[in-house]
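Dock chain one against chain two, each of which comes alone in its own frame, and use the hints as you go.
Here's the letter readout for the chains.
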Amino acid sequence: MKITCEEASSICDKSQYKEAGWWEIFKLRLHLLYCKTCKKYSKKNSELTSLCDRAGLTVLTKEEKEKMKKDLEKNL
Amino acid sequence: MAKHQLHPENWVDQHADYLFNYAVGRVSDAEIAKDLVQETFMAGLNSSKNFKGDAAERTWLVSILKRKVIDHYRKINSKKGKAEVRMSYSSDTEAEGDWLEQQVADPFSKDGDNVMENEELGMAIQDCMSKLPEKQAMVFKMKTIQDMSTEDICNELGINPSNLWVMIHRARTALMGCLNENWF
Numbered sequence: 014m015k016i017t018c019e020e021a022s023s024i025c026d027k028s029q030y031k032e033a034g035w036w037e038i039f040k041l042r043l044h045l046l047y048c049k050t051c052k053k054y055s056k057k058n059s060e061l062t063s064l065c066d067r068a069g070l071t072v073l074t075k076e077e078k079e080k081m082k083k084d085l086e087k088n089l
Numbered sequence: 008m009a010k011h012q013l014h015p016e017n018w019v020d021q022h023a024d025y026l027f028n029y030a031v032g033r034v035s036d037a038e039i040a041k042d043l044v045q046e047t048f049m050a051g052l053n054s055s056k057n058f059k060g061d062a063a064e065r066t067w068l069v070s071i072l073k074r075k076v077i078d079h080y081r082k083i084n085s086k087k088g089k090a091e092v093r094m095s096y097s098s099d100t101e102a103e104g105d106w107l108e109q110q111v112a113d114p115f116s117k118d119g120d121n122v123m124e125n126e127e128l129g130m131a132i133q134d135c136m137s138k139l140p141e142k143q144a145m146v147f148k149m150k151t152i153q154d155m156s157t158e159d160i161c162n163e164l165g166i167n168p169s170n171l172w173v174m175i176h177r178a179r180t181a182l183m184g185c186l187n188e189n190w191f
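As they're listed, the protein sequences go chains V and U. Residue numbering for the first sequence follows our numbering, starting at 14 and increasing by one per position. Residue numbering for the second sequence follows our numbering, starting at 8 and increasing by one per position.
Simulated from the structure, these hints should not be mistaken for lab results. Only a predicted model underlies this, so the values are computations on that prediction, with no experimental measurement involved. The reader is advised that the hints may include incorrect statements.
What the hints assert, rightly or not - Simulated restraints on C-beta separations:
#1 Leu46/V / Ser70/U: 46 to 54 Å
#2 Ser116/U / Arg42/V: 20 to 28 Å
#3 Lys117/U / Asp66/V: 39 to 47 Å
#4 Ser59/V / Asp118/U: 38 to 46 Å
#5 Glu32/V / Ser70/U: 37 to 45 Å
#6 Arg74/U / Ser63/V: 33 to 41 Å
The C-beta atom is built at its ideal place from N, Cα and C for all residues, glycine as well.
Same shape as in the complex, but just chain U (with noise of 0.2 Å):
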């Protein structure tokens, strides 16, 4: 198998948004995750040379975000303990008596698991994404995810109406197909 190889001048365009929805989805914060995703580019230049091509551009390219996450969590918790659970008793006074174990979340929940599926399907979706031509991902994202009005990305592209639609509509198809075998 041909090794892989770095292309620095195209990771805005290919990799920005894949690697900032997986540092949204860790830190929960936009501004946050934005720095992470520049700090990862900028640490991936500098090791560039310690690249193997053993991997995908973008697999080694989350490993390197996956450290500044971390990185960023030792940091906020370098104060001594921040890291820890406090619990207190509810100050509400409608719980007021209630046993600190009412409290907790509760275990037969299945909001974490929604979390994580809901992440992995974002991450797929962006994974297909990238698999459209440049122009088709653009205007599906801008349509999609920006919910821009037609107008609006016309404008911006300088293409009619009719255009978009096609470029949606393949786009869509194409989406469909790459997300059948996992997702519907």
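Chain V with its partners taken away, still in its complex shape (with noise of 0.2 Å):
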């Protein structure tokens, strides 16, 4: 049941995109009952994804930059 701090940032990073099974997050708020650090950090990293959330960032796909640089290529 116990986990080392490694594997709760872990579960705690994952836990962000949703990809923690419920077993995992049972093991993980166990260890933030009584690790200070990983419950700052665990805090944080909820925070930075709230953060992420709210800013609304967009990015261009791959295939948008790709033409981007020919584009820009034939003009060099």
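Next comes the structure, spelled out in structure tokens:
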């Protein structure tokens, strides 16, 4: 049942993308009960997730970038 | 301080996403924003001899993009009268007879502030992401912004899931540190 801090942070990262299983989440919660360092990391990690959501970031797709590069190269 | 130099061959990789987000924030249309970024690169290329090296490459490109955004609004407003604000009585029967004053934006609304703050936040995150090693930034963007599945990213980049999670972890830790001062 007990997990290391390394495992805890890995589960915490996965849970930011909803890719942690319920059993993993349970083990993480248990770990957070007694580990202050991981608790702090976990809090900041979720904050980062909500900041990224709030910022409404967009990126160009790989294809769009390739096309831009080609157009730019023609003029180099 | 060393003079800055232009590296047009790296522009797309290093600045395209940043400029794109900047443009989307101002024109609210991804297609137009993309065109503006492309025009910015072209204009940058054409006037590269005017680059004195006083500003960083990105700052210089942003200043060109700003002009492009202004030009864009000029163009769509060029037909006479388009820039006017027109208000008519509501056609909605529910609101019939209401004062026009009731239709204007609520002066106490905080929406505008939020929009601006989120835009600033977006640029701050972009800035921090450009400080990450290239591959880490790429994996983080694919996962967080493009919402791609772990499997797809691994296939595309030829890495295994544990590599991916290590990179995500490093990227997230670095971003937390970078955003720390202003946003946490």
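Structure-based check of all given hints:
1. Leu46/V / Ser70/U: 46 to 54 Å: 52 Å, holds
2. Ser116/U / Arg42/V: 20 to 28 Å: For Arg42/V against Ser116/U, whose Cβ atoms are near 39 Å apart, the range 20 to 28 Å is violated.
3. Lys117/U / Asp66/V: 39 to 47 Å: About 18 Å separates the Cβ atoms of Lys117/U and Asp66/V, which means 39 to 47 Å is violated.
4. Ser59/V / Asp118/U: 38 to 46 Å: 25 Å, violated
5. Glu32/V / Ser70/U: 37 to 45 Å: Given about 41 Å between the Cβ atoms, the range holds.
6. Arg74/U / Ser63/V: 33 to 41 Å: 34 Å, holds
Of the hints listed earlier, those the structure fails to meet are numbers 2, 3 and 4, in rising order.
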